[in-house]
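Undergrad: Add chain B to chain A, keeping to what the hints say.
There are 2 protein chains.
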Amino acid sequence: MAKRLKYWGWGYEGDGLSPSDRDALLATLAAGYAIDATGTVAVPGLGDISLPLPRLAPPPALVPLCAQDPYERVLHSFGQSQPDSIRIFSRDFAHAPDVVAYPQDEDDVAALLEWAGEEGAALIPFGGGSSVVGGVTPDVADRYAGVVTLDMSRMNRVLEVDTLSRSALIQGGARGPELEAALKPHGVTLRHFPQSFQHSTLGGWIATRSGGHFATLYTHIDDLVENVTMVTPAGRMESRRLPGSGAGPSPDRLLIGSEGSLGIITEAWVRVQGRVRFKATAGFRFPDFVQAAGAVRAIAQAGLFPANVRIVDGVELAVNGAGDGSFTLMVVSFESADRPVDTWMDIAEECALDEGGVPDADWRTNPDAHLMGAAGAWREAFIRMPYNRGVLTPLGIISDTFESAITWDRFEAFYRNVRKATHDAIREATGGVGAVSCRFSHAYPDGPAPYFAFHCAADPGSMLEQWWEIKRAVSDAVMDNGGTITHHHAIGRDHQPWYERQRPPLFGDVLARAKTHLDPRGILNPGVLVAQDGYGSKTT
Amino acid sequence: MAKRLKYWGWGYEGDGLSPSDRDALLATLAAGYAIDATGTVAVPGLGDISLPLPRLAPPPALVPLCAQDPYERVLHSFGQSQPDSIRIFSRDFAHAPDVVAYPQDEDDVAALLEWAGEEGAALIPFGGGSSVVGGVTPDVADRYAGVVTLDMSRMNRVLEVDTLSRSALIQGGARGPELEAALKPHGVTLRHFPQSFQHSTLGGWIATRSGGHFATLYTHIDDLVENVTMVTPAGRMESRRLPGSGAGPSPDRLLIGSEGSLGIITEAWVRVQGRVRFKATAGFRFPDFVQAAGAVRAIAQAGLFPANVRIVDGVELAVNGAGDGSFTLMVVSFESADRPVDTWMDIAEECALDEGGVPDADWRTNPDAHLMGAAGAWREAFIRMPYNRGVLTPLGIISDTFESAITWDRFEAFYRNVRKATHDAIREATGGVGAVSCRFSHAYPDGPAPYFAFHCAADPGSMLEQWWEIKRAVSDAVMDNGGTITHHHAIGRDHQPWYERQRPPLFGDVLARAKTHLDPRGILNPGVLVAQDGYGSKTT
Chain A
50 MAKRLKYWGW
60 GYEGDGLSPS
70 DRDALLATLA
80 AGYAIDATGT
90 VAVPGLGDIS
100 LPLPRLAPPP
110 ALVPLCAQDP
120 YERVLHSFGQ
130 SQPDSIRIFS
140 RDFAHAPDVV
150 AYPQDEDDVA
160 ALLEWAGEEG
170 AALIPFGGGS
180 SVVGGVTPDV
190 ADRYAGVVTL
200 DMSRMNRVLE
210 VDTLSRSALI
220 QGGARGPELE
230 AALKPHGVTL
240 RHFPQSFQHS
250 TLGGWIATRS
260 GGHFATLYTH
270 IDDLVENVTM
280 VTPAGRMESR
290 RLPGSGAGPS
300 PDRLLIGSEG
310 SLGIITEAWV
320 RVQGRVRFKA
330 TAGFRFPDFV
340 QAAGAVRAIA
350 QAGLFPANVR
360 IVDGVELAVN
370 GAGDGSFTLM
380 VVSFESADRP
390 VDTWMDIAEE
400 CALDEGGVPD
410 ADWRTNPDAH
420 LMGAAGAWRE
430 AFIRMPYNRG
440 VLTPLGIISD
450 TFESAITWDR
460 FEAFYRNVRK
470 ATHDAIREAT
480 GGVGAVSCRF
490 SHAYPDGPAP
500 YFAFHCAADP
510 GSMLEQWWEI
520 KRAVSDAVMD
530 NGGTITHHHA
540 IGRDHQPWYE
550 RQRPPLFGDV
560 LARAKTHLDP
570 RGILNPGVLV
580 AQDGYGSKTT
Chain B
50 MAKRLKYWGW
60 GYEGDGLSPS
70 DRDALLATLA
80 AGYAIDATGT
90 VAVPGLGDIS
100 LPLPRLAPPP
110 ALVPLCAQDP
120 YERVLHSFGQ
130 SQPDSIRIFS
140 RDFAHAPDVV
150 AYPQDEDDVA
160 ALLEWAGEEG
170 AALIPFGGGS
180 SVVGGVTPDV
190 ADRYAGVVTL
200 DMSRMNRVLE
210 VDTLSRSALI
220 QGGARGPELE
230 AALKPHGVTL
240 RHFPQSFQHS
250 TLGGWIATRS
260 GGHFATLYTH
270 IDDLVENVTM
280 VTPAGRMESR
290 RLPGSGAGPS
300 PDRLLIGSEG
310 SLGIITEAWV
320 RVQGRVRFKA
330 TAGFRFPDFV
340 QAAGAVRAIA
350 QAGLFPANVR
360 IVDGVELAVN
370 GAGDGSFTLM
380 VVSFESADRP
390 VDTWMDIAEE
400 CALDEGGVPD
410 ADWRTNPDAH
420 LMGAAGAWRE
430 AFIRMPYNRG
440 VLTPLGIISD
450 TFESAITWDR
460 FEAFYRNVRK
470 ATHDAIREAT
480 GGVGAVSCRF
490 SHAYPDGPAP
500 YFAFHCAADP
510 GSMLEQWWEI
520 KRAVSDAVMD
530 NGGTITHHHA
540 IGRDHQPWYE
550 RQRPPLFGDV
560 LARAKTHLDP
570 RGILNPGVLV
580 AQDGYGSKTT
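The listed protein sequences correspond, in order, to chains A and B. The working numbering numbers the first residue of the first sequence as 50 and each following residue consecutively. The working numbering numbers the first residue of the second sequence as 50 and each following residue consecutively.
The set of hints was computed from the structure by calculation and includes no laboratory data. Nothing here was measured: the structure is a model prediction, and the numbers come from that model. Keep in mind that a hint or two might mislead.
Note that the list lumps identical chains together, so a pair holds whenever it fits in one copy or between two copies.
To be verified - Think about it this way: if two alpha-carbon atoms lie no more than 20 Å apart in a straight line, the pair counts; the simulated SDA-like pairs of lysine to any residue are: (1) K469 - G81; (2) K328 - G352; (3) K233 - L208; (4) K55 - P119; (5) K328 - T392; (6) K233 - V339; (7) K52 - P435; (8) K52 - G65; (9) K233 - S139; (10) K469 - N276; (11) K328 - I396; (12) K328 - A386; (13) K233 - F327; (14) K328 - G169; (15) K52 - P226; (16) K55 - V440; (17) K55 - V123; (18) K55 - S99; (19) K55 - E163.
Chain A with its partners taken away, still in its complex shape (with noise of 0.2 Å):
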């Protein structure tokens, strides 16, 4: 039988945490940082969460596809960021979809729409669940007459490969692992690995313009995609396939980033590579954050390419048991699927000590540099990290991440301010102290995109509130000092007033035209992107 997900938290049940990793986790934010659990909640148990009776009911032609148990509707009440998991935890599943329904192909995607926009009801569509910023939590105005969640996981085939082109097209509820496992025989891979891989889908990525693991060149989704085939309440949009066109704005970076607020993504052509067959990775240590910043900037301007190149301060490798925090780290890799990598590593080596790095294992004897030393140690941390929330919420701790991008000019600025922002807005919110950690998560010739993690105490009565606190002050700090509200987490809900603020107005406008037009009933995803008449944003 199959894995079950949670629906309190990150992957299948049974997964998670080992006793020890916990305990570690636990000791050294006491120990390190004097966070300490402020209460202690139990996992609700699906019979003691009270849902509103379903408002919905599907006709006769679509009950095959949707389901109303309490298990479906309970899972798809929440994605997997802070505010979710709190909810959670409070048994807070007011807004509970009414119905959940699996669409099987196009046709029961366009069924689905015009029976969710004949009811009146909100549809928010569903990928792999994994969004960090409220982007299918189905909290909708009381105009709508009911939520229905689409979930895309029954359309999840890989259709055709075309190992000439390097290309195929696979359907847009296609999850990381059943993409990669239908590609591998063709020799094969999208190599799109961004932290939730194993559980997000293509569509959600290519909605949310997900940011792959590899840290340069083609890491974000947008560059990968060839076509996009979107089913909308006005109809369906299908980009003609190709590898490059100068023919008007481009129709794909109007779909990519769209969020579910435009139509359901069902397919997409994308560029897929040969298998990686040689590798390598090294690790190096710098006594300060922006010194190595330095180094990254050097590797980035290069022309090198790496497939990684990031940095980890000292703060989040001692929280992850990767240091003792007096240095931070950097990881590069170069990856290629014809031939060995040792003529780029060199010369990424040279710029990493020509600013002071130290070599963390020796990567030109060790083929496994990458699983040895502090950056051995904080991959693993890397994986187990989504763990982590399911573990802290329910202690009354705070465990959250944002993200954004800066130019390097403005860097080095951007980075004290936020950082000292998150300090303050934790202190003023909970009258505690917090962890504030950051590393990089992309890097570009142009700028890195800073990745920053806070824990904190919180009160277990006001959890909720202590949280938007720090967010909303957080939030004006990335914007304040000139960067984007997110570079790969999307907007989502939670990132709204932000967003709002960072477009221009105009563009706004012109997508908020592009919605009515597609979606004229204004079914889809309420509230992300475009505003919702007469529904007040949750962070005011």
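TA: For chain B alone, kept in the frame of chain A given last:
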């Protein structure tokens, strides 16, 4: 005194083909392809051109920005397309703009938009005037009270250079040589070199999704843009300057490719690079174009990202005096600001030899290999090419190009069918034979951008109609065989019918709504991207 631009063709007055180059071109066309001059028309003198009386008079405040003398009106009557050239030599200036305005800053742009809107006049944005698709040709419906051409050449400054982030803020009207001259003292380059480089502008490149000379990686201007500022009739839009973002659909991507139909691109932050210090270029000969294409594919899929990898077929080499027609030439180049590129070239050479290529000139022993052999000869011809039309049109010889992009799986059929359709169309339209050639202008891992050229003798009395007959047939063939109607030449007025076929209809609706919001009076570049109501296409 500054050189004056020709109003009858490419470049400055006094520049053009040398008599010997001219004679060689005509001799090759006649001897090799039976293409002979069918007439002789003199260059129209300014006094020979009858211009309609201006229908507009700028208000006093705008008079200092405006010109209405015959030279200015004639100069701005056409771009650089084949039908433009035919109409110039036919002395057909019925659609000359009534006013040519030269804004000096954004306030001027806004004031001119406002005035044109109040007058009910069409406004044609004009960068360097190099459009080969009718993008600046003021053929507009009678409902407009007149035409104002907005020439951006006085907004031509590099405003700021950020060497740390390797980016620069540049005004939209800066031509290639101007902006490179201003960047040079900072040790950086935009390194975007379309064939029109000398007579085209940053704003024009962004508006038309220009493709640079470099054939792989960051070749489209799209990838070099950090932000865009546009002044529209509805106000000013400025996107946030960022190295990367995942915040909703990209606002920049709506403006990139908007071809003057939504607003005027006044300035943009763009990504610059260190100046090139190391180069290597190698040429290889292949017996067959499709075989050479296989070598391009191998190199494009090997993750090498050469500055260039391009193939030119025997006919194109022969027409341009760079070969005897018996072989296809491949040119591969690597460039770096930081280090020797021989390692990369070694691997590319391996790919070329594996696929049956024979070295043209030895790159290892000749640092000037790019100036030698067939590669060197073709390179010289490439620089001269824009001048050819000014010689050929008045002799009744059609000389035109069109370009597309296609995935590798469909490339071979596309190439054969489009080439055959071009030959057939020439025979059908003119009763004679033509020279039809192909090269790759750009190459991606998933497909090439085939670039076709054709020459044929026309009936001087119906040259425009014969050209349209051929254009319609080849454009249909490009679309029927799965290509894009343009890879980097843009849509303009000439490609509009095929663009409407190519883009998803719902995307066309969205674009029309964007235009209605940003340009409510519909004055901006009418007929480009969004159809003009009640004005039939030139193509039918």
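Undergrad: Now look at each hint and say whether the structure bears it out.
TA: Here is what the structure says about each hint:
When the C-alpha separation of K469 and G81 is checked against a cutoff of 20 Å, the pair qualifies only within one copy, where the shortest distance is 19 Å, while the shortest distance between copies is 74 Å. In this assembly of identical chains, the alpha carbons of K328 and G352 lie at most 20 Å apart whether taken from the same copy (18 Å) or from different copies (14 Å). In this assembly of identical chains, the alpha carbons of K233 and L208 lie at most 20 Å apart only when taken from the same copy (14 Å versus 50 Å across copies). In the homo-oligomer, the alpha carbons of K55 and P119 lie at most 20 Å apart inside one protomer (13 Å), although the nearest pairing across protomers, at 76 Å, exceeds that limit.
Taking the shortest alpha-carbon separations for K328 and T392, both the intra-copy value of 12 Å and the inter-copy value of 18 Å come in at or below 20 Å. Proximity of K233 and V339 under a CA criterion of 20 Å is satisfied in neither setting, with 40 Å inside one chain copy and 29 Å between copies. In the homo-oligomer, the alpha carbons of K52 and P435 lie at most 20 Å apart inside one protomer (18 Å), although the nearest pairing across protomers, at 65 Å, exceeds that limit. When the C-alpha separation of K52 and G65 is checked against a cutoff of 20 Å, the pair qualifies only within one copy, where the shortest distance is 13 Å, while the shortest distance between copies is 73 Å.
Taking CA atoms no more than 20 Å apart as the test, K233 paired with S139 passes in neither setting, with 42 Å inside one copy and 61 Å between copies. In this assembly of identical chains, the alpha carbons of K469 and N276 never lie at most 20 Å apart, being 42 Å within a copy and 28 Å across copies at closest. For a Cα distance limit of 20 Å, the shortest separation of K328 from I396 qualifies both inside one copy, at 15 Å, and across copies, at 18 Å. For the identical chains of this complex, K328 and A386 are intra-copy neighbours only, at 9 Å inside a copy versus 25 Å across copies, given an alpha-carbon limit of 20 Å.
Proximity of K233 and F327 under a CA criterion of 20 Å is satisfied intra-copy only: 17 Å inside one chain copy versus 39 Å between copies. Proximity of K328 to G169 under the C-alpha cut-off of 20 Å is found in neither arrangement, the shortest distances being 53 Å within a copy and 63 Å between copies. In this homomeric assembly, K52 and P226 come within 20 Å of each other (Cα to Cα) only inside a single copy, at 15 Å, whereas the closest approach across copies is 63 Å. Taking the closest pair of Cα atoms, K55 and V440 come within 20 Å of each other only inside a single copy of the chain (13 Å); across copies the shortest separation is 74 Å, beyond that limit.
In this homomeric assembly, K55 and V123 come within 20 Å of each other (Cα to Cα) only inside a single copy, at 10 Å, whereas the closest approach across copies is 71 Å. Taking the shortest alpha-carbon separations for K55 and S99, only the intra-copy value of 17 Å comes in at or below 20 Å, while the best inter-copy value is 79 Å. Taking the closest pair of Cα atoms, K55 and E163 never come within 20 Å of each other, the shortest separation being 31 Å inside a single copy and 59 Å across copies.
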